[in-house]
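Listed in order, the protein sequences are those of chains A and B.
Number 2 in this note's numbering belongs to position 2 of the first sequence; there are no gaps in the numbering.
Number 51 in this note's numbering belongs to position 51 of the second sequence; there are no gaps in the numbering.
Derived from the structure by calculation, the hints contain no laboratory data.
Mixed in with the good hints, there may be bad ones.
Copies of the same chain look alike in the list, so a pair counts if it fits in one copy or across any two.
Below, simulated SDA-like cross-link-like pairs (lysine to any residue); rule was C-alpha separation at most 25 Å, straight line [as the list claims (entries may be wrong)]:
hint: 1; residue 1: LYS59; residue 2: GLU225
hint: 2; residue 1: LYS250; residue 2: PHE207
hint: 3; residue 1: LYS138; residue 2: ASP116
hint: 4; residue 1: LYS99; residue 2: GLU87
hint: 5; residue 1: LYS245; residue 2: GLU36
hint: 6; residue 1: LYS260; residue 2: ASP160
hint: 7; residue 1: LYS250; residue 2: ASP156
hint: 8; residue 1: LYS94; residue 2: GLN109
hint: 9; residue 1: LYS110; residue 2: GLU249
hint: 10; residue 1: LYS110; residue 2: SER22
hint: 11; residue 1: LYS245; residue 2: VAL120
hint: 12; residue 1: LYS260; residue 2: GLN109
hint: 13; residue 1: LYS260; residue 2: PHE207
hint: 14; residue 1: LYS250; residue 2: SER118
hint: 15; residue 1: LYS138; residue 2: ASN264
hint: 16; residue 1: LYS209; residue 2: PRO199
hint: 17; residue 1: LYS209; residue 2: GLY40
hint: 18; residue 1: LYS250; residue 2: ARG89
hint: 19; residue 1: LYS209; residue 2: LEU37
There are 2 protein chains.
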Amino acid sequence: MRRLVWLLAFSLSFPIVALDASDWRAIDPAHTLYLELPQGRVIIELAASFTPNHFQNIKALVEQRYFDGSFILRSQDNFVVQWGWPEGRAPKLKSAKAKLAPEWERPIQKGFTALDESDVYAPRVGFIDGFPAAQDPKLAVEWLTHCYGMVGVGRDNEADSGNGVELYVVTGHAPRRLDRNVTIVGRVVHGIELLSVMPRGTGEMGFYKTESERTKIKSIRFASELPATQRIELEALKPDTVEFKKRIEKARNRKDAWYKNSPNHIDLCSVVLPVRVVSR
Amino acid sequence: MRRLVWLLAFSLSFPIVALDASDWRAIDPAHTLYLELPQGRVIIELAASFTPNHFQNIKALVEQRYFDGSFILRSQDNFVVQWGWPEGRAPKLKSAKAKLAPEWERPIQKGFTALDESDVYAPRVGFIDGFPAAQDPKLAVEWLTHCYGMVGVGRDNEADSGNGVELYVVTGHAPRRLDRNVTIVGRVVHGIELLSVMPRGTGEMGFYKTESERTKIKSIRFASELPATQRIELEALKPDTVEFKKRIEKARNRKDAWYKNSPNHIDLCSVVLPVRVVSR
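Whole structure, please, built from the sequences with the hints as guidance.
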């Protein structure tokens, strides 16, 4: 009994209501990566609009099959899982660029859906194109934020040294200190549990020391490259809908019998961004 | 090169300086649990002072060897790993109590080390006895917070239904909504990477559906029950020291060559609480 009730109480699920179909947007197969592992498929939605140049570069990398046969290189507890090629074994770039100006922030634009909370790291937080994001009106910039599941671009010390050949996904408490320091190119929307359980590397910063520790990546493809029958069609709940706001309010003000003290607040990276599989 | 620099840049390590030995406190073996798994040892420091009644109950459970042969029951992605007995298989309690008044908050006392940040969930955050904590001066209460690695007590809907027979550890983004709703009894101080990679359960809320999915717990013992030669002696950096404050300031105001934008802030659950193994 304890187990069951606890289970329900901790759930972030909500009553099933008739949803307006327009509350959900189809995740564009042309902006969707399939990271194919021996364990299964991880699906990443790319923030093509926020990071157009990185999107193009990653597209060029995928087109040359750059990642096929590469590896999960690193799994650091409470931080990130990272993939790419081990030192000295990377294929030569074809049309992809070796350097790329960062796209970790941009001037504030229309289309920001605010979450009414003050934040340790940003004066305004919310959502851009369905991704968690923040704004600083004084600096007049906005950026995508390092929440669980967000995918970023590893780089050297030079700001323009990240080109997408090494990508990481956040698998721990949100490392918001990285905001506005790394270009975030997307978010895992399906199958993150295949990455988050990768055995932690025993090398420094969670890097794997030996080949045998590394998981080989079978391929990375755009969903749009695959025949429809081999795709997993996904939809995401739009943040600028009544339904989304309702869920936020329910998470803020808990009325479940289990909660004895309601948080009354929610932090950006605790907001669930619902994604559902479309069955036809 | 990219990998190396990135590696250094992301490190939260700091220059090696001569540390005042008194900056570190020995973690008391009488307050330390060894959770022995086939994969190795996980070490939990119990918040004996903050939750004295739960501490005594867990002590009674360990003394009757309640957990020996029990299981990891649940691994929910970006949330918790939980252990105890499957429904209907729990041994009878001997001296341990079945019900226990919650200890998820207490009146504000002396000994709170403040972290100078405003927080989404609490007006004041900081540390109590080396654990992350928060205070609300209006309510005149303080509590331990659900950061990564914190260990709490599962319960039913009734506030007094958590007695320590089911424990969980936070393995995802800090679920601070649980603060002041569950008694936090301690923190994993060693070996959390053995728990955080547990394959996610395919049942609802990450519960394992079948026996074969569950990892069996060999035993739970207090460190003080073992001969010194079989212990792992640990020390924790005290939060109320100059050294700790220095580290916080370095994490807030990044001067590394890698950082192009310093966060200037740090959230409570991003603060590293350093623990070191003492070699004699």
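Comparing the hints with the structure gives:
Taking the shortest Cα distances, LYS59 and GLU225 sit within 25 Å of each other inside one copy (11 Å), while across copies they are farther apart (58 Å). For a Cα distance limit of 25 Å, the shortest separation of LYS250 from PHE207 across copies, 24 Å, qualifies, whereas the shortest one inside one copy, 40 Å, does not. Taking the shortest alpha-carbon separations for LYS138 and ASP116, both the intra-copy value of 18 Å and the inter-copy value of 22 Å come in at or below 25 Å. Only within a single protomer do LYS99 and GLU87 lie at most 25 Å apart by alpha-carbon distance; the minimum there is 18 Å, versus 56 Å between protomers.
Proximity of LYS245 to GLU36 under the C-alpha cut-off of 25 Å is found in neither arrangement, the shortest distances being 34 Å within a copy and 44 Å between copies. Taking the closest pair of Cα atoms, LYS260 and ASP160 come within 25 Å of each other only across two copies (11 Å); inside a single copy the shortest separation is 49 Å, beyond that limit. With identical chains, the CA atoms of LYS250 and ASP156 are at most 25 Å apart between copies only, with a shortest distance of 20 Å across copies and 42 Å within one. Taking the closest pair of Cα atoms, LYS94 and GLN109 never come within 25 Å of each other, the shortest separation being 34 Å inside a single copy and 64 Å across copies.
Taking the closest pair of Cα atoms, LYS110 and GLU249 come within 25 Å of each other only inside a single copy of the chain (24 Å); across copies the shortest separation is 35 Å, beyond that limit. Only within a single protomer do LYS110 and SER22 lie at most 25 Å apart by alpha-carbon distance; the minimum there is 20 Å, versus 54 Å between protomers. Taking CA atoms no more than 25 Å apart as the test, LYS245 paired with VAL120 passes in both settings, with 22 Å inside one copy and 18 Å between copies. In this homomeric assembly, LYS260 and GLN109 come within 25 Å of each other (Cα to Cα) only across copies, at 22 Å, whereas the closest approach inside a single copy is 40 Å.
In this homomeric assembly, LYS260 and PHE207 come within 25 Å of each other (Cα to Cα) only across copies, at 24 Å, whereas the closest approach inside a single copy is 42 Å. Within a single copy, LYS250 and SER118 get their C-alpha atoms as close as 18 Å, and across copies as close as 23 Å, so both meet the 25 Å cut-off. Proximity of LYS138 and ASN264 under a CA criterion of 25 Å is satisfied inter-copy only: 15 Å between copies versus 27 Å inside one chain copy. For a Cα distance limit of 25 Å, the shortest separation of LYS209 from PRO199 qualifies both inside one copy, at 12 Å, and across copies, at 22 Å.
Taking identical chains as interchangeable, the C-alpha atoms of LYS209 and GLY40 lie at most 25 Å apart whether they share a chain (24 Å) or sit on different chains (20 Å). In this homomeric assembly, LYS250 and ARG89 never come within 25 Å of each other (Cα to Cα): the closest approach is 50 Å inside a single copy and 35 Å across copies. For the identical chains of this complex, LYS209 and LEU37 are neighbours both inside a copy (20 Å) and across copies (24 Å), given an alpha-carbon limit of 25 Å.
Hint compliance for this structure: hints 5, 8, 18 are broken, all remaining hints hold.
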